[in-house]
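Top line first, the protein sequences correspond to chains A and B. Our numbering puts the first sequence at residues 1 to 500. Our numbering puts the second sequence at residues 1001 to 1083.
One should not assume that every hint holds.
[What the hints assert, rightly or not] Have a look at the derived ranges for each label pair, beta carbon to beta carbon:
#1 A:Tyr10 <-> B:Gln1056: 55 to 61 Å
#2 B:Gln1056 <-> A:Gly249: 23 to 29 Å
#3 B:Glu1069 <-> A:Pro441: 31 to 37 Å
#4 A:Glu31 <-> B:Val1020: 43 to 49 Å
[Said to hold, decoys possible] Sample of chain A residues with no beta-carbon within 12 Å of chain B, all distances over it, derived:
#5 Glu25
#6 Gly46
#7 Leu76
#8 Ala213
#9 Ala221
#10 Trp315
#11 Ser330
#12 Met333
#13 Lys361
#14 Asn379
#15 Thr395
#16 Glu420
#17 Trp435
#18 Phe454
#19 Gln474
#20 Trp488
Please keep in mind that the hints were generated in silico from the structure rather than gathered at the bench. C-beta: ideal position from N, C-alpha, C; glycine also.
Residues per chain are reported as follows:
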Amino acid sequence: MAIHSRKDWYELTRTTNWTPSYVTEEELFPEQMSGHMGIPLENWEGYDEPYKTSYPEYVNIQREKDAGAYSVKAALERARIYENSDPGWISILKAHYGAIAVGEYAAVTGEGRMARFSKAPGNRNMAAFGMMDELRHGQIQLFFPHEYCKKDRQFDWAWRAYHSNEWAAIAARHFFDDIITGRDAISVAIMLTFSFETGFTNMQFLGLAADAADAGDYTFANLISSIQTDESRHAQQGGPALKILIENGKKEEAQKKVDMAIWRAWRLFAVLTGPIMDYYTPLESRHQSFKEFMYEWIVGQFERSLIDLGLDKPWYWDLFLKDIDELHHSYHMGVWYWRATAWWNPAAGVTPEERDWLEEKYPGWNKRWGQCWDVITENVINDNMELVSPETLPTVCNMSQIPLVGIPGADWDVKVFSLEHNGRLYHFGSEVDRWVFQQDPVQYQNHMNFVDRFLAGEIQPMNLEGALKYMGFQSVEEMGDDAHHFAWAEKCKPTIKKSA
Amino acid sequence: MSAFPLHAAFEKDFLVQLIVVDVNDSMDQVAEKVAYHCVNRRVKPHDGIMRVRRHQGTELLPRNMTIAESGLKPTEVIDVVYE
């Protein structure tokens, strides 16, 4: 007997809602876990997932993807990427794996929540595949860096980062706990799949894949492109959920979740991907600037998606566009200056040629960030190394968990947005971060950021040494240092007057 | 002697930092303690008197006023700017 084609049976087989008789609908789908906003079961049956697949199809395709990624890795092992690549590129690999791999595993929980608690059968079906996607992403992004552990202990942070109290790990955990593990099924569909995966994984996985290929790291390019094919599928769970909410009069609630998650995702990617694209990637391998990539892949895409769904652009859109020009330059300077607190070696990326590129892509860069880098560069050239490392902690945002920064130099503009809530003083890096807190204070109010923990005496001894120990660094080799051992400063000598 | 944590932004620097001062420090001493973590590190030395103000405030706090007298709260944000 011939096998029927999927379209002949898909709708029937995935229509798995039924009328519960032993428990109430609310007991089967509790609001706290489901997030259905009081919309009844039958209304969720209109959820129409744009990407339909069956289990046999899924398994076949995934098997091919895995076989492709693993065989490219095996074939290129002799390419000696670790030995032959620019150190800036190796830092990108370390930052990526530490920030992403175990977070993918957390996403299994989010997909699992949708698979069990979403009232929409199509969402539950897609999420079952999504769970397996995220499991694959967690495993493959732990396996690939593992071969480097014997050469470089920082690669061990691919697994360790999320299990540590390193500041970037706290930031990533705070965000993913907020949009994945600490939310109901429909919030996960909106905040993880629509707001985060639709836009921002494109940036990390597509933008970085292009740079990887240019840098000659075809193994990594192939790996993350393979992952992105899954992301682009399971990211489509949020759109139909939003459509159901809007049709049932819940636009305002849906819009709020979208607005909160887009902003939070933006801030995390600005600290992770911004420096990678505009500073760590060797100049000759840069495909697009971070800003160009943001406009092409994120800004335009979100604007179209939001309008298509009947949502509005977030109220802070103008602030977001301004941030794209500015934020990651300051984040980069902070990560580089506090580099001992990173599990990768930040590349300064400020040779004269690179500064010309930055000025071209971001007019005004030299009179802003360039002024600070002038002082840093002079110190390196004159061997005043005690002045190119910190002796205190940066103040950290109570939402993003990332240092509070602004524009330095001639256009100095550093603004903190504070809030006194239940007798505690909170500080935020932007008006939007504070707004996010105000939307759901119970979700956020008890979290202690790194500086809060320091001031509460949780970090001992109360100095940088104690902070590094608290972050989980086991040896000096694991702590970040300048990726090029300050060799870039040599190239700056003709332009920086030696003061000695 | 009693430690007093503040968060401080320094004119032309790119971030806000945790600075621990003493409740008996004058505003001039506070400015010096903040400057230690900024000037010659990321900010060029500058002629002029460094003054303390509440973050984004318009009034400069008197130079000899102490932290104890200022009414500043622990972990409040201040700016250090050149007069």
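- Message: For a quick check of understanding: which of the numbered hints are violated here, in increasing order?
- Response: Hints 2, 11, 12, 14, 15, 16, 18 are the ones this structure does not satisfy, whereas the remaining hints hold.
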